[in-house]
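As they're listed, the protein sequences go chains A and B. First residue of the first sequence: 1, per our numbering; consecutive thereafter. First residue of the second sequence: 1001, per our numbering; consecutive thereafter.
Please keep in mind that the hints were generated in silico from the structure rather than gathered at the bench. The hints are all genuine.
In silico lysine to aspartate or glutamate, DMTMM-like type, Cα no more than 25 Å apart, as pairs:
1. B:Lys1163 to A:Glu165
2. A:Lys190 to B:Asp1051
3. A:Lys190 to B:Asp1008
4. A:Lys195 to B:Glu1012
5. B:Lys1009 to A:Asp187
6. B:Lys1415 to A:Glu35
7. A:Lys133 to B:Glu1322
Where chain B lies over chain A, by a calculated footprint (3+ residues, C-beta under 8 Å):
8. 16-22
9. 27-35
10. 76-84
11. 102-111
12. 177-184
13. 192-203
If you're wondering where the values come from, they're calculated on a predicted model, not measured in any experiment. For each residue, glycine too, the CB sits at the ideal point set by N, CA and C.
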Amino acid sequence: MTEIVKIVKVGGTAVPMRGNDIDTDRIIPARYLKEVTFARMGDYPFFDERFDASGKKKDHPFNDPEYQGASVLFVNKNFGCGSSREHAPQALYRFGIKAIVGESFAAIFAGNCTMMGLPTVTATHDEVALMMKTVEENPKTKFTVDIETKTICFDDKRIAIDLPETYRSALTSGCWDSTALLRANLDQVKKTAAKLPYIGGFAN
Amino acid sequence: MAGRTLYDKIWESHSVGVLPTGQTQLFIGLHLIHEITTAPAFDMLREKGMDVAFLERTFATVDHIVPTDIRTRPFLDPEAEELTQALEKNVKQFGVEFFGLDSMNQGIVHVIGPQLGLTQPGMTLACGDSHTSTHGAFGTLAFGIGTSQVRDVLATQTLAMDKLKVRRINVNGALGTGVYAKDVILSIIRKLGVSGGKGFAYEYGGAVIDRMNMEERMTLCNMSIEGGALVGYVNPDQTTFDYLKGRRYVPSGAAFDRAVNYWKSVASDSAAIYDDVINMEGKDIEPTVTWGINPGQSVGISERLPIPDEYADPDGARKAYEHMGWQPGAPILGTPIDVAFIGSCTNSRMTDFRAAAKIAQGRKVKAGIRALVVPGSAEVKKLAEAEGLHEVFKQAGFQWREAGCSMCLAMNPDKLNGREICASSSNRNFIGRQGSPQGRTLLMSPAMVAAAALNGKVVDVRQYE
Chain A
1 MTEIVKIVKV GGTAVPMRGN DIDTDRIIPA RYLKEVTFAR MGDYPFFDER FDASGKKKDH
61 PFNDPEYQGA SVLFVNKNFG CGSSREHAPQ ALYRFGIKAI VGESFAAIFA GNCTMMGLPT
121 VTATHDEVAL MMKTVEENPK TKFTVDIETK TICFDDKRIA IDLPETYRSA LTSGCWDSTA
181 LLRANLDQVK KTAAKLPYIG GFAN
Chain B
1001 MAGRTLYDKI WESHSVGVLP TGQTQLFIGL HLIHEITTAP AFDMLREKGM DVAFLERTFA
1061 TVDHIVPTDI RTRPFLDPEA EELTQALEKN VKQFGVEFFG LDSMNQGIVH VIGPQLGLTQ
1121 PGMTLACGDS HTSTHGAFGT LAFGIGTSQV RDVLATQTLA MDKLKVRRIN VNGALGTGVY
1181 AKDVILSIIR KLGVSGGKGF AYEYGGAVID RMNMEERMTL CNMSIEGGAL VGYVNPDQTT
1241 FDYLKGRRYV PSGAAFDRAV NYWKSVASDS AAIYDDVINM EGKDIEPTVT WGINPGQSVG
1301 ISERLPIPDE YADPDGARKA YEHMGWQPGA PILGTPIDVA FIGSCTNSRM TDFRAAAKIA
1361 QGRKVKAGIR ALVVPGSAEV KKLAEAEGLH EVFKQAGFQW REAGCSMCLA MNPDKLNGRE
1421 ICASSSNRNF IGRQGSPQGR TLLMSPAMVA AAALNGKVVD VRQYE
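Taking the hints into account, I'd like the entire structure generated from these sequences.
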């Protein structure tokens, strides 16, 4: 039996990653998808933006010593669009990111994150801008993302955040790893399947 | 009772129940798997001592990582060899039907599903690839999923899902000469944005869609995800039934008639209620080319590139110009290219190759241009060769390859180098997508790619029509 891990609060320092429509090819270049496991993905987030062809570090928030150890990632609109590769959230998570706060997320990406226990929560454009500015001015600022109460706290501020109720429920009840939940209903699954005409090859 | 959409009907008949999280447990009628997103999912099954719950609804192939030229094993790339072997081991151990490298049915997962008749109307379908929306062309609810979800489908043949809203997109009237399904979907994404489809299933309809053949509808549905819509579909009609008849996994005789009755029954009711309706006119669509770093950044061939300050997302436009190196306000016409790629799950089928071959026939690829034609499946390759299309391409100076994803995504030896500019019939122009962090991609129809290859620059394909 897998241990149930409830994800209610995530906290720590943060890193801002500015720009709309940051796709999963940028988050993790496809060549790293050739690896058989996710084990090394934490070495690769934004690899081609962080390193030049000779391996020399470029200016990038993920390289910046000021943001070392960050566990909250701030992003803008439609983060994680494109390829369904779960390697993208795996890379961020294994790098140390434990919550992503943005204006909006692409559908497959947000689903993948939730199933790994990595919350993706939204705030308004102005609030995200304020939090990005705060962390850029003072990278030591500590943020607490509370999934239960749907708030994010930092300094003396408290901002409302949002996420789909089904995701909130899955994370806070520890049901985000859905296999056991789904597997419990296998008899009902078989009954549903039996009613679909194509399952029997339209035999009658 | 209010009219229902195809989405409503399939959702209802495939719902197993509501989970404690509030999500619906949805039965998945067909699970297609490939080498890239499955290895950790099989590992988890082994770890938990689980079997594949519905083996007879699970099919595998190799597409993303396979070389399209030299395919001798072991592959030259040891990582590609290892990942391919992992899939081969997994399908053998778990007993999954597998269309491997030496199978006549090998190919891009979104090409072989329809070609074998595995993809059928009124079905739910999942695959660990975002372009799974392709199968929606058949009136199938097809979901692109991540690896944890692949694990769930293997272990339970179900997914935990939230219901989407449905947006009907009508493309009315008719398309002009030289305008293809690719131009239609690029225009839709341009109009609605790359995140405009978030939370929606896209239902495509109208006279232009009604007249499309199945391969054109696949091109259309394929890029739904580029518009942010997880699902895109076309209601099944006689064109769909005619395509399916006689295919390997489609029932025959009286069972086929029963199948057609079921397929007809799942189409959206004429009085169906939609959450949103968009109307476009086919005559307004030109041959379309992307200029930026996402598929929504496109222009008609006669237009000029946008001025960032006048663009919907000025920062996004500036970032695109920074990467691509163009001048705002310049025409797209005449943009030089280095590479021409015809292939990918978007455009690697017979309709695409016939359109491109018509342009290439009796002409030559411009000196210095690297040009590739890569069939979507071994079957497409065979059919194209039977029609002599490979000779048309080869005589024009295109390379003719084996089936695979090829230069769409930089996981196999087909890649851009340095700052090369590629006229590509694929689906993504993201930075680095085609294998070079500095590489540049211009998305367009296969006929437009062929025309660009002949001229070494972006031209209007209508000059050949």
